[in-house]
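Undergrad: Use these hints to put chain H onto chain C, whose structure you have.
Number of protein chains: 2
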Amino acid sequence: MARLSNQLIVGVLGAFLIFYTFVYNIEPKIIYINTDGEPIDYSALAPLQKEQQWKTQQRENATFVSLARNSEMYQLVESIRRVEDRFNRKFHYDWVFLNDEPFSDEFKALTSSIVSGTAKYGLIPKEHWGYPDYIDQKKAKASRDKMKADNIIYGESESYRHMCRFESGFFFNHPLMLDYEWYWRVEPDVHIYCDVDYDLFKYMRENNKTYGFAISIHEFVKTIPTLWDTTKKFVEENPEVIAENNLIDFVSNDGGKSYNLCHFWSNFEIANMNFWRSDTYQKYFDYLDRSGGFFYERWGDAPVHSIAASLFLPKDQIHYFDDIGYRHGVYAQCPLNADLRYKNKCHCKPEDDFTFRGYSCGKQYFAAQGLVKPQEWVDYQ
Amino acid sequence: MARLSNQLIVGVLGAFLIFYTFVYNIEPKIIYINTDGEPIDYSALAPLQKEQQWKTQQRENATFVSLARNSEMYQLVESIRRVEDRFNRKFHYDWVFLNDEPFSDEFKALTSSIVSGTAKYGLIPKEHWGYPDYIDQKKAKASRDKMKADNIIYGESESYRHMCRFESGFFFNHPLMLDYEWYWRVEPDVHIYCDVDYDLFKYMRENNKTYGFAISIHEFVKTIPTLWDTTKKFVEENPEVIAENNLIDFVSNDGGKSYNLCHFWSNFEIANMNFWRSDTYQKYFDYLDRSGGFFYERWGDAPVHSIAASLFLPKDQIHYFDDIGYRHGVYAQCPLNADLRYKNKCHCKPEDDFTFRGYSCGKQYFAAQGLVKPQEWVDYQ
Chain C
1 MARLSNQLIV
11 GVLGAFLIFY
21 TFVYNIEPKI
31 IYINTDGEPI
41 DYSALAPLQK
51 EQQWKTQQRE
61 NATFVSLARN
71 SEMYQLVESI
81 RRVEDRFNRK
91 FHYDWVFLND
101 EPFSDEFKAL
111 TSSIVSGTAK
121 YGLIPKEHWG
131 YPDYIDQKKA
141 KASRDKMKAD
151 NIIYGESESY
161 RHMCRFESGF
171 FFNHPLMLDY
181 EWYWRVEPDV
191 HIYCDVDYDL
201 FKYMRENNKT
211 YGFAISIHEF
221 VKTIPTLWDT
231 TKKFVEENPE
241 VIAENNLIDF
251 VSNDGGKSYN
261 LCHFWSNFEI
271 ANMNFWRSDT
281 YQKYFDYLDR
291 SGGFFYERWG
301 DAPVHSIAAS
311 LFLPKDQIHY
321 FDDIGYRHGV
331 YAQCPLNADL
341 RYKNKCHCKP
351 EDDFTFRGYS
361 CGKQYFAAQG
371 LVKPQEWVDY
381 Q
Chain H
1 MARLSNQLIV
11 GVLGAFLIFY
21 TFVYNIEPKI
31 IYINTDGEPI
41 DYSALAPLQK
51 EQQWKTQQRE
61 NATFVSLARN
71 SEMYQLVESI
81 RRVEDRFNRK
91 FHYDWVFLND
101 EPFSDEFKAL
111 TSSIVSGTAK
121 YGLIPKEHWG
131 YPDYIDQKKA
141 KASRDKMKAD
151 NIIYGESESY
161 RHMCRFESGF
171 FFNHPLMLDY
181 EWYWRVEPDV
191 HIYCDVDYDL
201 FKYMRENNKT
211 YGFAISIHEF
221 VKTIPTLWDT
231 TKKFVEENPE
241 VIAENNLIDF
251 VSNDGGKSYN
261 LCHFWSNFEI
271 ANMNFWRSDT
281 YQKYFDYLDR
291 SGGFFYERWG
301 DAPVHSIAAS
311 LFLPKDQIHY
321 FDDIGYRHGV
331 YAQCPLNADL
341 RYKNKCHCKP
351 EDDFTFRGYS
361 CGKQYFAAQG
371 LVKPQEWVDY
381 Q
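Those protein sequence lines, which keep their order, are chains C and H.
Numbers 1 to 381, taken from the UniProt record's numbering, label the letters of the first sequence in order.
Numbers 1 to 381, taken from the UniProt record's numbering, label the letters of the second sequence in order.
Excised from the complex, chain C in its bound form (with noise of 0.2 Å):
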């Protein structure tokens, strides 16, 4: 042992060398934990779940958005937590919270506790939120005075007026929104009733949808008396807007003669803004702002969004989420399937499904579309 061969020398370090090059490339062990502190058993999962507890998630460029007052803050954050509860605690998707008056410090502490990713919150600059010099407001007075009288629900709301407008046309571009492609709109008394496990933003993105929404309604025609005519005469003037294949059967009767009052109800909305932001709808709005109907009658977001939508979308491009459980004040969605509903994890009663009951626009929708009603739906009419 006295001298060391070069063949012992170079046995060793030979060995040493191939031997760490073997454990090098060997993957570190993985042990994946749930929050509960339990391995997690991949053959036990099924494929969609496998992706998402693996990979990195990566997430779409999207946030919440919630336009509030400070007065309605536990509705709000009510609805926060069940969309938290039931989707956003494994997306972790920002918030932004917009105002048209500065946000208490009470607001943002409770609502940055609950929001499981960055919560923002904004002020709305005077111009989205009050009358354009180009309004007449004796002619906005003497309109709401009619509506009040006629009974007209907020007729004679001044603010519901300016945060109809806003939300037709100003708050895509508020600074805070500028940063994402992506929004899900979320108010007071919104409710999910179903585990959403898969992220609506990416589904969006990757099937090429542009507008979701849950619940289609009528409007009532009270409150829009020229906005289809006005709509009319701006197409007239621009008729390169239409779009192939469009989903005008959603929102017309008869060809586009007039207004079947039909309209996606836009307390829920999944949409890209990269469509409010176009030349189309900015032209559109400003033609609508114009007008003047925004003061003089009016008009919801939701009517104009769904218009637009209808007229300047390929039909492919708008989706209706079945498999939420949404409900909004007295109108709901709730998957009719037993079995959906179990594998889902809801918790809401299809007898409360508005979809294909009269007042609702779900069966014009899925005539539109060319969908097959789910085969339930004749029980829930």
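Each computed DSS-like pair below joins lysine-lysine, with the alpha-carbon atoms no more than 30 Å apart: (1) C:Lys345 / H:Lys202; (2) H:Lys345 / C:Lys108; (3) C:Lys345 / H:Lys343; (4) C:Lys90 / H:Lys202; (5) H:Lys349 / C:Lys120; (6) H:Lys108 / C:Lys373; (7) H:Lys120 / C:Lys343; (8) H:Lys343 / C:Lys108; (9) C:Lys232 / C:Lys146; (10) C:Lys343 / H:Lys345; (11) C:Lys345 / H:Lys345; (12) C:Lys349 / H:Lys345.
Simulated from the structure, these hints should not be mistaken for laboratory data.
TA: Then chain H, alone, in the frame of chain C:
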């Protein structure tokens, strides 16, 4: 290279042996991944979360329990959803459902899809939901008629009395419950407003607690005219049941002469069933039962449980959960301290807290326990 020398072979083998020994003893690099696919950074976690996240969950021998009718399915499921979202999805405790009638398939399918532990369904035997032969049913009916005339809530209901008697003396001996030591009772219209990130059952055991509550309140005296006198007679005959350092000052302002109507609101209880199964409590319940007060009056399980806990347990075994944010019906508990609310992600309104208001028994409880009220209590009276 024609002939490998012995030294070369020894060198190579020796190197492999040494290297292998080192490598074998190196811990595999373990990466802990949460359900979002993000590596868990331990340095950032608080000790309690760390403990939960990496340790294999050691659950207590505990279950949720809900007494329910098929007709209450959706209301109960909303409660279950809230308890799951705020607590049980982290711990996966079982859920026992009990009914005096068989559960429908729909009830079982929906609840088992929502519960994150194992759901079990039990039928209550008729001897625990009916009239014992020692009850004079004519006398019982006369009492119900009088209470109905006096407008006492549930005064005319037979099933309400069966429910109170069952919850007082039998639920903890139902075959499905015998598998467990601890329970947390949940009813329809139950809300939890705060995130509960620690195991409440484990907390009870580690801190030697037997009975836990969230809300205390005064009873309607007309429902329990002779409950206290009957209790006193029982105690006279069985003086050994009185515990040292008990909580008699919670239920009596005069050292036990009369009952002050204070009790723990039993729609929320986290407790150890060994107490209800003990000789002392079984004897007490049997004594009450044979006196007929469940039927000739309208004795609730809440005052029965509360009196037993206050007299037969050392007071330090009773625990007030002040950090859950609990609501049932019109009464709620909400942490009064703002920082605590944000830290625990509570979305309740502190103004809704009932603890120190007149009809509650919170002040009596704090006094009897020698606890210091939170400094904010004066603002919420």
